[in-house]
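Same order as they appear, the protein sequences are chains Y and D. Sequential numbering from 0 applies to the first sequence in numbering that gives the first Met the number 0. Sequential numbering from 0 applies to the second sequence in numbering that gives the first Met the number 0.
Hints in this document: simulated from the structure, not taken from any laboratory. Any given hint could be a false lead.
[Said to hold, decoys possible] Per label pair, the in silico range of CB-to-CB distance: (1) SER236/D / GLU631/Y: 45 to 53 Å; (2) ARG85/Y / GLY124/D: 31 to 39 Å; (3) SER61/Y / GLN43/D: 19 to 27 Å; (4) GLY124/D / ARG176/Y: 51 to 59 Å; (5) SER28/Y / THR199/D: 49 to 57 Å; (6) ARG659/Y / GLY22/D: 44 to 52 Å; (7) GLU728/Y / ARG82/D: 46 to 54 Å; (8) LEU38/Y / ASP198/D: 45 to 53 Å; (9) THR632/Y / GLY124/D: 38 to 46 Å; (10) SER425/Y / ASP251/D: 56 to 64 Å; (11) GLN81/D / ASP121/Y: 47 to 55 Å; (12) THR632/Y / THR249/D: 49 to 57 Å.
Quick reminder that beta carbons are idealized off the backbone N, C-alpha and C, glycines included.
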Amino acid sequence: MSDDKPSDPHFSKIIGAGVPRIDGPDKLSGRAHYAADQLPAGLTYGYGVFSTIASGKVTQLSVERARRMPGVIEIFHHGHFPKLYRSPSSFAQGNKVEETRLPFEDERIYYAGQFVALVVADTFENARAAAREVEVSYAEDAALANLEQGVAAHGTQSGSGNHSRGDAAAAFDSAARHIDVTYRTPVETHNPMEMHASTAWWERDHLTIFDASQGVVMARNALSKIFAIPPERVTVHAPYIGSGFGSKLWTWPHAVAAAAAARELGRPVQLMVPRAQMFTTTGHRPETRQRLRLATDGSGKLVSLRHESINTTSFTDQYVETCGSVTKSLYSCPNLMVSHATTQVNRGTPTSMRAPGAAPGLFALESAVDEMAAAAGVDPLDFRLDNYAERDESKDLDFSSNHIVEATQRAAERFGWAARNPDIGSMRQGREIVGYGMAACNWEALKRPCDARVSLRADGTAFASCATQDIGTGTYTIVAQAVSDLTGLPLERITVELGDSSYPDGPVSGGSWATATTLPAIAKATRVALDEMKRYATGANGAFAGVASDELEVAEGGLRNAAGKQVSFADILGAARYGSADGEAHTEGADAQYSYRSFGAHFVEVRWDPGISHLRVARVVSAIDVGRVINETTARNQVEGAIVMGIGMGLFEATEYDARNGRPVNNDYAEYVVPVHADQPEVDVILLDYPDTRFNEYGARGIGEIGITGLAAAVANAVHHATGKRIRELPITLDKLMDDVPEARTA
Amino acid sequence: MRAFDYARAESPAAAIAAHGSDGQAAFLAGGTTLLDLVKLDVMQPRKLVDINGVALDRIERLDDGRLRIGAMVTNTALARDQRVVADYAVLSQALLAGASTQLRNKATTGGNLMQRVRCPYFRDGVSACNKREPGSGCAAIGGVNRSVHAVLGTSDSCIAAHPSDMCVAMAAIGAKVQVEGPEGRREIDFADFHLLPGDTPQREHALAPGELITHVVLDAPLAGSRSAYLKLRDRQSYQFALASSAVIVTLDGDTIREARVALGGVGTKPWRAPEVEAALVGQPVSEQRFADAAKRAFAHATAYAHNAYKIPLGQQAIVRNLTDLTTA
Ligand SMILES: Cc1cc2nc3c(=O)[nH]c(=O)nc-3n(C[C@H](O)[C@H](O)[C@H](O)COP(=O)(O)OP(=O)(O)OC[C@H]3O[C@@H](n4cnc5c(N)ncnc54)[C@H](O)[C@@H]3O)c2cc1C
Ligand code: SF4
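Pulled out of the complex, with its shape left as it was, chain Y reads as follows:
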């Protein structure tokens, strides 16, 4: 936390404190049960048969041999599956799914890894063994295996999120200096530790499903549409999930298949997605190609900026990776154009992955800004300080709160940017060449409507509930902190339950909006419960009978009057013979008075050892302006984790597809390379902690995603400083930096 943290009498010390996660002990001791830990009586196990071709159709599917395998109960496929209905997939209606096509709809194959059959058996092992005996014949069409193949075959479709102001083309043509560069980012796969899983059963006409879900309400509504039953007849549980990074925002085919199979069989069905299929049928960050054209005047002021991106999508749905979302407003520029287009390829439908749009988009933009700064002959730090926007020119609105200049300067100082010798390869230590690079980071601050309930109970505890989720980020803990702050109850006496669609409607855990959305609703519900408590206390026979409610103040889990008499909530309720004082509340989403965004800057030191072609990130200093920090520990953890993920994005991560047939190749944890402990640099995170009270009463914006934005660009910029090589295609692997690679003699 910054030393000059503004003190705020409004909140007790628990807001901002780095209290440990309240769900930590359950997770460490195994008491936290995830979707695939649910073992209802009579449980059966599903295992998928997945398409081995990426395009074409199933011509024959024979289950005879599989049926004779031990323990097999049923085998579903497109010729044998109940009729279901598609979800309209509306975010506004709360029933969005990313892949609208239902499993087993027909014999068509759109991507490798698509479900073609589902075996249900008495054990997981039997289901898996039998799944291997299902014989599938295909008529294979030529697959479109990557972006270039897609564009060549059928061009692009226009996407959403476009923006234009001024005349970018004319300004470019008449500008003093310009660059025109194209960047590429590969498919990345979320790869949460916990694999997607669903355990589903029906009781009479009610579907209960434990799903690895970042959005239980969204899943409930989508399933209600898919099964054409009222939402009240569906309960989705996700008390714990082993992270998602966006891959668990929406309902994927396996959850539908599990629920449908359970209904057909009249028994619970559990279906886990094998690791290899976590790369195919549960979303991914799509491949992008981004063209950046920037121009400045003679003094290094941006006069034209164009960011045109194309991303791959599936043949079943259009997913737009809005790479230019940040470009619209980060820099001041009168002539600007942002456009998004997609091209269909034979891959599953992409989905949001941590900082969708911004993560690949800022790799391109913040690399290009460095290239522009170099072309303009300006230090990349000064260039940014000179060009940062002071208001949101895309919306013609003021920012609610923006400290990007301070963030950039403080990080620069902590990092020691002033010591940077701008000459390429000029800084050495032993065998290593040192490179310094920087980039801005940015993410929209979002806030959704939310309901919540808080009960102050006769046993002296409080109970808070909301149908949002804790996806490992600390939502349980900050909700308890908010209740504790308002009631004076210690954290141990506060129970928080999330991840259950029967609780008051809460938001999907995505978009970094969980904190800003959930806390105001929890606070409002707590206040309603406290008012109720005061009414009980001041009523006839109450502990404060005859005292006016507004003379009572909340103190240490009780109420106190002006004379200093203090009575605990438990005693107040006991006297009235009530079990609880309850509050329910609804809060609205963000208004449109301001442009709400979070800001920051990354500074990265890389080391390049040309003698062994070894590149590493040695040091990262990041300063982040996300409004008030609610929990120092979990907030810092989010930024540090995002930096690690950004290093993965910069140096290692890419899902590779065989260009001949569209099958993913490195679809396991050994070959899909993410950073490990040994790759960790020194990471120094500065949290600016300026409350943004225009945004919500806590002044908190979100923190889950901003840390990954810009990081890969800062790495690429540092690599350029060290090596002179401008790598415009992620990841920056050592082979791209080597000088003397011979020609391949063959394929």
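Could you slot chain D with the ligands onto chain Y? The hints should help.
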């Protein structure tokens, strides 16, 4: 995974008897390769013979100065053995550069020798793969072949790199593989144990059907030698080598008296490089000489679409390792 029979053996003889030589059984050591591939359905043994109870878990110094390692000695135990640390630093370092702590605690010396290739087309169960299904072709040629495919010893039938780090060190040290089978005991020279793919990539090693590895006997350490293992990869741990070198040298002042060099990550078997060794002997310590010598290892290399960089990277692995060893 398919159903299989399971038997526990208490002695090598019992293991060999239980295993038989009909090609349907597999010895189960640490299981880190075997169980993985059984679950992927790439290996389909009808019977597993668990050899964890066969008492081949000792490391002994032989009278002639050689070191005899039981096949069931774990990678961790071998890497931490004081005699190995003192006399065969290259082996200890190679082991510790491999896999993860958890895997090394399970993985055994015999199993490591026998580990299968990491080629994703071999592991996916569907692509053309001559190793998995002889005669079906090789999807890696013309496919994705950046990290776990070789540039040395490849053939038109198979280009998968041998994945082991331990074996690279053993190739440099020199060793005998002691085996016992239905026909009795014999010894295989380490250099002959792993086979080049040629046009029979399904044949990976010199064991006859039913033979059990009982020991690996390391050659006596070179007197006055220094040795080290250098592994280059994308991330710093938990990844197979893109290129690695095992180097053992002895010096006469500033002149190389003897050198042994083996390479990993670049060859279809643990790759001893005698041409590099010959070029080093009698030479002064000099990075330029090292670079000239290292080049020779790759004179006959074949680069595929994505792995040409391994040719310079493999040379860097040799040069840096030699430089550090001779100038420390
Ligand atoms: C994720 C992952 C990462 C890894 N990374 C590395 C790495 O970086 N470097 C590296 O070198 N290795 C690595 N490995 C491979 C690891 O070293 C091997 O899996 C291990 O050494 C195999 O030993 P095991 O005892 O587990 O063999 P098992 O799996 O039990 O057996 C492997 C094979 O050998 C046969 N076998 C076992 N013992 C005998 C015997 N005594 N006689 C005859 N046949 C026998 C088995 O029947 C089987 O066919 C990695 C493995 C994994 C899973
Ligand atoms: S390289 Fe070898 S293992 Fe890989 S596909 Fe070709 S034949 Fe199979």
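Discussion item. Assuming the hint says 44 to 52 Å, is it satisfied by the Cβ distance from ARG659/Y to GLY22/D or not?
Written reply: With a Cβ separation near 33 Å, ARG659/Y and GLY22/D fall outside 44 to 52 Å, so the hint is violated.
- Query: For the pair LEU38/Y and ASP198/D, does the Cβ-Cβ distance stay inside 45 to 53 Å?
  - Reply: About 51 Å separates the Cβ atoms of LEU38/Y and ASP198/D, which means 45 to 53 Å holds.
Notebook entry, point to check: CB of THR632/Y to CB of THR249/D, is that within 49 to 57 Å?
Noted result: Because 54 Å falls inside the window, the suggested range holds.
- Task: Could you say whether the range 56 to 64 Å given as a hint is met by the Cβ separation of SER425/Y and ASP251/D?
- Result: At 40 Å between Cβs, range violated.
| said: Looking only at beta-carbon atoms, does the pair SER61/Y, GLN43/D fall within the given range of 19 to 27 Å? | reply: holds, 20 Å
Using the beta carbons of SER28/Y and THR199/D, state whether their distance is inside 49 to 57 Å or not.
Once the Cβ atoms are compared, 53 Å apart, the range 49 to 57 Å for THR199/D and SER28/Y holds.
| query | How does the Cβ-Cβ distance of GLN81/D and ASP121/Y compare with 47 to 55 Å: does it lie in that range? | reply | holds, 51 Å
Status of the given 46 to 54 Å range, CB of ARG82/D versus CB of GLU728/Y: Holds - the Cβ-Cβ distance for GLU728/Y and ARG82/D, about 48 Å, lies within 46 to 54 Å.
Worksheet item: Falls inside 51 to 59 Å, the C-beta gap from GLY124/D to ARG176/Y?
Response: The hint (51 to 59 Å, Cβ to Cβ) holds, given that GLY124/D and ARG176/Y are roughly 55 Å apart.
Indicate whether the distance between the beta carbons of ARG85/Y and GLY124/D respects the range 31 to 39 Å. About 32 Å separates the Cβ atoms of ARG85/Y and GLY124/D, which means 31 to 39 Å holds.
- Query: Is it true that THR632/Y and GLY124/D lie within 38 to 46 Å of each other by Cβ?
  - Reply: Given a distance of about 44 Å, which is inside 38 to 46 Å, the answer is holds.
### Verdict for SER236/D, GLU631/Y (Cβ pair) under range 45 to 53 Å
Because 30 Å falls outside the window, the suggested range is violated.
Taken one by one, the earlier hints fail for this structure at numbers 1, 6, 10, listed in ascending order.
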